[in-house]
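K.L.:
Given next are the chains, with one letter for each unit.
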Amino acid sequence: MPEENTTQVEKLYTVTSSPHIHKKISIPWIMWMVFICLLPAGAVGVYVHGAKALWVILISIASAMIAEYTCQKMRGVKVTLSDGSAAVTGLLFAYCISAENYWYVVVAGSFFAIAIAKHAFGGLGMNIWNPALAGRAFALASFGYIMTAVWPISANIETMSGNPLPTSGATPLRCLKSSAEKSISLATSKEAAKYTDILGETGKETWAKIKKQEATHWMDLFAGTISGSLGETSAAMLLLGGIVLVCLGIVKWYLPFTILATTAFLAWMLPVKVGWYNPATGASGMDVMWFSGDPLFHILAGGCMLGAFFMATDMVTSPITAKGQVIFGIGIGVLTVIIRLYGGYPEGVCYSILLMNTAVPLIDRYTKPKVFGGRS
Amino acid sequence: MESKKEFTKGIWAENPVFVMILSICPSMATTSNLSNAFCMGLAVIFVLIFSNIIISLIRKAIPGEIRIPCYIVVIASFVTITDLAMHAYLPLKIYEALGIFIPLIVVNCIILGRAEAFASKNNVWKSFLDGLGMGIGFTLALCIIGFTREIIGNGTICNYQIVSFFTSKNNNPNAWIEPISVFSQPAGGFLVIGLYLGLFSYLRRQKKLKEVAKAK
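Residue numbers (my numbering), protein chains in the order written: chain A, 1 to 376; chain E, 1 to 216.
Rather than coming from a laboratory, the hints here were simulated on the basis of the structure.
Since this is a predicted model, take the numbers as computed values, not measurements.
Where a beta carbon is used, it is the ideal one built from N, C-alpha and C, also for glycine.
Among the clues, some could well be false.
Straight line, CA to CA, 27 Å or less: simulated DSSO-like cross-link-like pairs of lysine-lysine [stated by the list, open to error]:
hint, chain 1, residue 1, chain 2, residue 2
1, A, Lys73, E, Lys207
2, E, Lys126, A, Lys78
3, A, Lys212, A, Lys252
4, E, Lys5, E, Lys60
5, E, Lys169, A, Lys78
6, A, Lys73, E, Lys208
7, E, Lys60, E, Lys4
8, E, Lys9, E, Lys126
9, A, Lys273, A, Lys182
10, E, Lys4, E, Lys169
11, E, Lys210, A, Lys73
12, A, Lys252, A, Lys204
13, A, Lys23, A, Lys212
14, E, Lys9, E, Lys121
15, E, Lys169, A, Lys52
16, E, Lys214, E, Lys5
17, E, Lys9, E, Lys214
18, A, Lys78, E, Lys60
With the Cβ distance kept under 8 Å, some of the chain A side facing chain E (calculated, not the full set) [as the list claims (entries may be wrong)]:
hint, residue
19, Ala108
20, Ala141
21, Ser142
Using the sequences and the hints given, assemble the complete structure.
P.N.:
Okay, here's the thing in structure tokens:
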């Protein structure tokens, strides 16, 4: 009888489609590994920003978990809280916002990240955008002031380089951007002579002064003793976590590498406009400075490390092939630098990753490997 | 009985926004608060009823080859009346908020769609009921979207603040919780319409499943 035959076959051979080679890596293992690798940077964040940073992290993770549970119950699918994907999203969202935040901003952003950016698109593995970054974009569009203007830092922290702590609370990237813009308006104003402490005799001199005065020392950027988003400050801890992920094989090295390399190269190469004033002749003007940026500053400051190692590498929202990932990484680097140098915002990692996430299906389509035996 | 169905179909079963997904552009742009949404809905009801009646009256006189220009002329006349009347009698703030979307009712796909699909084939009474039903369905949809967007995005209903603790920190520094202002921006319009489309298609599917179960 045919029916009996089928069961016989199924008993003897497991009939499945490819791939047939399996590796014992599961979603929970990957997610909890990412979670653990993220923790050191959070610890530095809590140390630098104080206990309120811990609250932000806990509220964010809790609301992400609650959102995950609610959405999965509503959709009638299996509740998979223990796989850690919601916890990682919550943690990442907490890392890319300011520690001085109202609780409802954290709850709204974290909830949006899970409920809309992830479950409205079909749950884990179906989302187009990185949920944590989508949550951040949502919070930024809704609560502009608290998301961009309030950057706290604990008073009892000493900086690594011995420079005084920034008192204005502005992030290093914002300082650099606004002082370059300020130098132009000062040089073109009638009172340019008053500001010789900022303006140099040539554009090159001004730029050197700005970099010396405003750019935070790379040691502070590396250690994390700066103001900024909660978990983005400490480049060293993010690098540590990222390297562990690369060693575990969860992240392929070429994606973070292309992002950081593109950012560094373009930040060094692309021109910056600065103003100058010559007290001897009374002349003033504006110079366009090519090949003069500070690449180290740009890859250590802002969300570059966090984005490159933990957000762009999200398996769901990054291209499949190595070639695709390199294109993806270069795109992120280019957009980041363009937004940082010429855009309205001081930091562009969030939007550049979201924009390149949108392009992933296209990248995947054009980097699809040839079928064996197929023609080009 | 049949004419009652012509009236009710526009409100639920063939709701222009949530079922036929027509006229999404004004329902995104004019729903940032409830009063704008309601006024836009009223304008569409008026134009829809009268254009349906007139087109139904002259349906046998319109040559098939140039029917769309004929419809446009009829619709445009009523839109002009509406535009001038609204400018004269509505608060200027609402008129300015609706802005270009009142003149754009001329090419509104609900009105053109009803003219083409219904009024040009049915008698005056049925066309009137169809226009009224579709117009009310559209207004209801707009009001639901506008209400949601205004209350979440701004903490108000028709520009009246409901509770003192739910407002932005600029208005009241002691506010306990702030509205999520993205909902009163265009991005929020997409979000709210998307979520309502999902909700209503879910409800329709549940209803259909129940009917199938009953039939069995």
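K.L.:
Are the hints correct? Go through all of them and say.
P.N.:
Structure-based check of each hint:
{"no.": "1", "hint": "Lys73/A x Lys207/E", "result": "holds, 20 Å"}
{"no.": "2", "hint": "Lys126/E x Lys78/A", "result": "violated, 49 Å"}
{"no.": "3", "hint": "Lys212/A x Lys252/A", "result": "violated, 36 Å"}
{"no.": "4", "hint": "Lys5/E x Lys60/E", "result": "holds, 25 Å"}
{"no.": "5", "hint": "Lys169/E x Lys78/A", "result": "violated, 40 Å"}
{"no.": "6", "hint": "Lys73/A x Lys208/E", "result": "holds, 22 Å"}
{"no.": "7", "hint": "Lys60/E x Lys4/E", "result": "holds, 25 Å"}
{"no.": "8", "hint": "Lys9/E x Lys126/E", "result": "holds, 12 Å"}
{"no.": "9", "hint": "Lys273/A x Lys182/A", "result": "holds, 10 Å"}
{"no.": "10", "hint": "Lys4/E x Lys169/E", "result": "violated, 50 Å"}
{"no.": "11", "hint": "Lys210/E x Lys73/A", "result": "holds, 21 Å"}
{"no.": "12", "hint": "Lys252/A x Lys204/A", "result": "violated, 39 Å"}
{"no.": "13", "hint": "Lys23/A x Lys212/A", "result": "violated, 51 Å"}
{"no.": "14", "hint": "Lys9/E x Lys121/E", "result": "holds, 17 Å"}
{"no.": "15", "hint": "Lys169/E x Lys52/A", "result": "holds, 20 Å"}
{"no.": "16", "hint": "Lys214/E x Lys5/E", "result": "holds, 22 Å"}
{"no.": "17", "hint": "Lys9/E x Lys214/E", "result": "holds, 22 Å"}
{"no.": "18", "hint": "Lys78/A x Lys60/E", "result": "violated, 59 Å"}
{"no.": "19", "hint": "Ala108", "result": "holds, 6 Å"}
{"no.": "20", "hint": "Ala141", "result": "holds, 4 Å"}
{"no.": "21", "hint": "Ser142", "result": "holds, 4 Å"}
In summary, the structure is inconsistent with hints 2, 3, 5, 10, 12, 13, 18 from the numbered list given earlier, while agreeing with the others.
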